[in-house]
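Number of protein chains: 2
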Amino acid sequence: MAEKAAPSPLARTVLQQCVGARLQIHRGMVIYVCFFKGATEEILPKMVSALLSLRACESDSGRLVSVLDLPGSILLVPQATLGGKTKGCGMQYHGNIGKEDGLRLYSHLVTLCREGLRDGAAAGSGAGPERDGARVMVQHGTYGNRQVLKLDTNGPHTHLLEF
Amino acid sequence: MAEKAAPSPLARTVLQQCVGARLQIHRGMVIYVCFFKGATEEILPKMVSALLSLRACESDSGRLVSVLDLPGSILLVPQATLGGKTKGCGMQYHGNIGKEDGLRLYSHLVTLCREGLRDGAAAGSGAGPERDGARVMVQHGTYGNRQVLKLDTNGPHTHLLEF
Numbered sequence: 001m002a003e004k005a006a007p008s009p010l011a012r013t014v015l016q017q018c019v020g021a022r023l024q025i026h027r028g029m030v031i032y033v034c035f036f037k038g039a040t041e042e043i044l045p046k047m048v049s050a051l052l053s054l055r056a057c058e059s060d061s062g063r064l065v066s067v068l069d070l071p072g073s074i075l076l077v078p079q080a081t082l083g084g085k086t087k088g089c090g091m092q093y094h095g096n097i098g099k100e101d102g103l104r105l106y107s108h109l110v111t112l113c114r115e116g117l118r119d120g121a122a123a124g125s126g127a128g129p130e131r132d133g134a135r136v137m138v139q140h141g142t143y144g145n146r147q148v149l150k151l152d153t154n155g156p157h158t159h160l161l162e163f
Numbered sequence: 001m002a003e004k005a006a007p008s009p010l011a012r013t014v015l016q017q018c019v020g021a022r023l024q025i026h027r028g029m030v031i032y033v034c035f036f037k038g039a040t041e042e043i044l045p046k047m048v049s050a051l052l053s054l055r056a057c058e059s060d061s062g063r064l065v066s067v068l069d070l071p072g073s074i075l076l077v078p079q080a081t082l083g084g085k086t087k088g089c090g091m092q093y094h095g096n097i098g099k100e101d102g103l104r105l106y107s108h109l110v111t112l113c114r115e116g117l118r119d120g121a122a123a124g125s126g127a128g129p130e131r132d133g134a135r136v137m138v139q140h141g142t143y144g145n146r147q148v149l150k151l152d153t154n155g156p157h158t159h160l161l162e163f
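Heads up: the sequence lines are chains C and X, in that order.
What the first sequence shows, in the numbering used here, is residues 1 to 163, in sequence order.
What the second sequence shows, in the numbering used here, is residues 1 to 163, in sequence order.
Possibly wrong hints are sitting among the right ones.
All copies of an identical chain are treated as equivalent in the list; a pair is satisfied when it fits inside any one copy or across any two copies.
[What the hints assert, rightly or not] List time: in silico DSBU-like cross-link candidates among lysine-lysine, alpha-carbon distance up to 35 Å: (1) K87 / K37; (2) K37 / K99; (3) K85 / K150; (4) K85 / K99; (5) K46 / K99.
Note that these hints are calculated values from the structure, not bench results.
Please work from the sequences and hints to get the whole structure.
Now the structure itself:
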């Protein structure tokens, strides 16, 4: 693997559009999240703004729209493995944020996504988080725990965003 | 989103361990692949070596082992969206390899993964690609086409590798 000057993002997210993601949401977006050392609450508003407004979801007409515009739900999955770097045949996680700080940021991120989805939905149609008969929601995995994930996509459309 | 000096990888892969990934494989690994401009055949052997030997799969005893050691199968998914950069609320793909070059590299990557899995399996037990009664295989999505993906994981364990 090429050794390059390492970029130093503070957070890394991977997004996939999905048709369903059980236990959890119906139509919407799955977001894997990993925070790096040095990440603070300060980056959260721009993370949420970018994640909610990114045109990464396909509407019924095939147009790319944001999860807010869809309107869709969000499944957040804490994913510390995203912060790994290969060393030999293993992965090392020296750049990852500590567990307590990570949990705090993750919890706050969930709250901000929830607020953003609610406010965006309200702004979109005046009908609150239940728009077009579809209840949109933010579901999330438990930080630090193993998550059993089932994911159905009609094309995963995986995106990598760093903050 | 922070504007940073862009790193310039030639290929990007995202790996998840999985319990199943229909149409396709049973136990093994899903690998999303994206090639960037400038990528050539030269990087493929080290990509395959890294992907097949990375200890990213959980054995029955809970130990992290490679997909070769598992032994497991591989589902390769071409994923051009991984090469995107945000511009405003959209994604741009100026850094991605051209379609013909990408298809050629992707096809070669599939072949090399197949050879690596076959040789590794043979080296592991002398029993060829069918080890421990489990048929290991390389399945892959079609380059340039939309893929319907269903993925079951017991913890996605998403890894990001750049080459």
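Hint-by-hint comparison with the structure:
Taking identical chains as interchangeable, the C-alpha atoms of K87 and K37 lie at most 35 Å apart whether they share a chain (19 Å) or sit on different chains (26 Å). Proximity of K37 to K99 under the C-alpha cut-off of 35 Å is restricted to the intra-copy arrangement: shortest distance 10 Å within a copy versus 37 Å between copies. Proximity of K85 to K150 under the C-alpha cut-off of 35 Å is found in both arrangements, the shortest distances being 26 Å within a copy and 27 Å between copies. Taking the shortest alpha-carbon separations for K85 and K99, both the intra-copy value of 18 Å and the inter-copy value of 29 Å come in at or below 35 Å.
Taking the closest pair of Cα atoms, K46 and K99 come within 35 Å of each other both inside a single copy (22 Å) and across two copies (33 Å).
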